[in-house]
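Okay, here's what each chain looks like letter by letter:
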Amino acid sequence: MPGNNPGMLTSADCLEADSIIFDLEDAVSLKEKDAARILVREALSFLPLQGVEVTVRVNPLDSPYWKEDLESIIPAEPDGIVIPKASVESVQTMVKEIKRLEEAHQTEKKTKLLLIIESAMGLIDLRNIIESSDRIDAILLGAEDLSSDMGIKRTKESKEIEYARYLVATAARAYRIDALDTPFTDIDDVEGLEADTRFAKSIGFTGRLAINPRQIVTIHEVFSPTQEEIEEAQIILHEAEEAEKKGLGVFSYKGKMVDLPVIKRAEQIVDSARKWGLVR
Amino acid sequence: MEIRKQAIAGTLQSNDCQVRIVPGEGGIDLSIESSVMETFGKQIENTIRETLVRLGVEDCRILVEDRGALDYTIRARVETAVRRAYE
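Same order as they appear, the protein sequences are chains A and B. Mapping the first sequence onto this note's numbering, position 145 (from 1) lands on 145, and the numbers just tick up by one. Heads up: take any position in the second sequence, counting from 1, add 1000, and you land on this note's numbering.
Be a bit skeptical, because a hint or two may be false.
Unchecked claim - Here are the computed lysine-lysine pairs in the DSBU-like style, where the Cα-Cα straight-line distance is at most 30 angstroms:
(1) B/K1005 x A/K67
(2) A/K31 x A/K112
(3) A/K246 x B/K1005
(4) A/K96 x A/K112
(5) A/K275 x A/K256
(6) A/K99 x A/K110
(7) B/K1005 x A/K31
(8) A/K99 x A/K112
(9) A/K246 x A/K264
As the list claims (entries may be wrong) - A short, non-exhaustive set of chain B residues, derived as facing chain A with CB atoms under 8 angstroms:
(10) Q1013
(11) D1016
(12) P1023
(13) A1069
(14) L1070
(15) D1071
(16) Y1072
(17) T1073
(18) R1075
(19) E1079
(20) R1083
Stated by the list, open to error - Short, incomplete list of chain A residues facing chain B, as computed with Cβ under 7 angstroms:
(21) G7
(22) L39
(23) E42
(24) A43
(25) F46
(26) P48
(27) L49
(28) A243
Derived by calculation from the structure, the hints in this document are not laboratory data. Glycine included, C-beta positions come from ideal geometry on N, C-alpha and C.
Throw the hints in and build the complete structure from the sequences for me.
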């Protein structure tokens, strides 16, 4: 959400997104950087912004703006800071500054980090980047900048970013953090968004960036578990409890073997359903 | 904060306001243009004056053209204009 647009900032918690990014980077022109960071700071302090996680994308470490961004934003206590062009250096440097500001302003929140992986180096150094701070909550794939860094053409079929998608989703799962897929840029193609998001979910992404409010419903529909999946997961968990009482480590359900990985998957589906408000 | 030169902040788009500030000739000379002047004029004025006090501005001429901005937007645009005028 462009950080210098008060009309958009004001509507942030009406969009039914789980998380909102107020942007101080690409969506703000160079001569309005000062105006945007003051506006976002005031918005964070003034707007109720209930029921939605609010994060702020600051400018990258190689820009002259990131420090002033953090100085302005951290005292207003956003839920998280989104770091573009993430690297070990950018995470460590910004965390140091965030901690300094949190202490100086005695903030109550411990600011989370969401990292955008959008360079070839960021991709191959993913493990070190994720291990560089215990505040990292999610990694986000930024396929447009990644394609630019790779010198390759970005296509709607997205074959060229498959490796990056698998890598980001797998690394996030390995560290038990969220993996958010790159935005689908054709905002008029709802069917394309749905198909592409289903693929993202199938390889382990847990959410997706939306670049237009119209995309939110489709993304939610894809990522929330179906009623059939929830019911099956609940039955598996019930059967697992019964099996445990009988001292059985493995049992069968609908002719298929159910062991620990299947039970864990069922637990994830029920947890996800709870998160989406589909079960209590 | 001293107003050293003319500065502008904000836009004339809906939900925003544009603030123009110039060095004053003693005290605060405030003008507001708003379609909701009758209902919210006093509140807008209070927000502008409070922001100027917070920033230590005692001497300026300031014109605010309001397009339905909420308080936080008015505060932000006044602060941006003041900081730009101080640079």
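Going through the hints against the structure:
1. B/K1005 x A/K67: Given pair B/K1005, A/K67 holds - Cα atoms ~26 angstroms apart, limit 30 angstroms.
2. A/K31 x A/K112: 28 angstroms, holds
3. A/K246 x B/K1005: Roughly 82 angstroms separates the two Cα atoms, so the pair is violated.
4. A/K96 x A/K112: Between A/K96 and A/K112 the Cα gap is close to 13 angstroms, so the pair holds against 30 angstroms.
5. A/K275 x A/K256: 28 angstroms, holds
6. A/K99 x A/K110: Satisfied, since the Cα-Cα distance of roughly 9 angstroms is no more than 30 angstroms.
7. B/K1005 x A/K31: Holds - the C-alpha atoms of A/K31 and B/K1005 are around 17 angstroms apart, at most 30 angstroms.
8. A/K99 x A/K112: 11 angstroms, holds
9. A/K246 x A/K264: Status holds; Cα separation ~19 angstroms.
10. Q1013: 7 angstroms, holds
11. D1016: Status holds, d = 5 angstroms.
12. P1023: 20 angstroms, violated
13. A1069: 6 angstroms, holds
14. L1070: 6 angstroms, holds
15. D1071: 6 angstroms, holds
16. Y1072: 3 angstroms, holds
17. T1073: 4 angstroms, holds
18. R1075: Given a least distance of 5 angstroms, the restraint on B/R1075 holds.
19. E1079: 5 angstroms, holds
20. R1083: With a closest approach of 7 angstroms, the B/R1083 hint holds.
21. G7: 4 angstroms, holds
22. L39: Interface hint status for A/L39: holds (4 angstroms vs cutoff 7 angstroms).
23. E42: Holds, because the Cβ-Cβ distance from A/E42 to chain B comes to roughly 4 angstroms (cut-off 7 angstroms).
24. A43: Where the cut-off is 7 angstroms and the nearest Cβ of chain B is about 6 angstroms from A/A43, the hint holds.
25. F46: This interface hint holds because 3 angstroms falls under the 7 angstroms limit.
26. P48: 11 angstroms, violated
27. L49: 11 angstroms, violated
28. A243: With a minimum Cβ separation of about 56 angstroms from chain B (threshold 7 angstroms), the hint on A/A243 is violated.
Violated hints, listed in ascending order, are 3, 12, 26, 27 and 28; each of the other numbered hints is respected by the structure.
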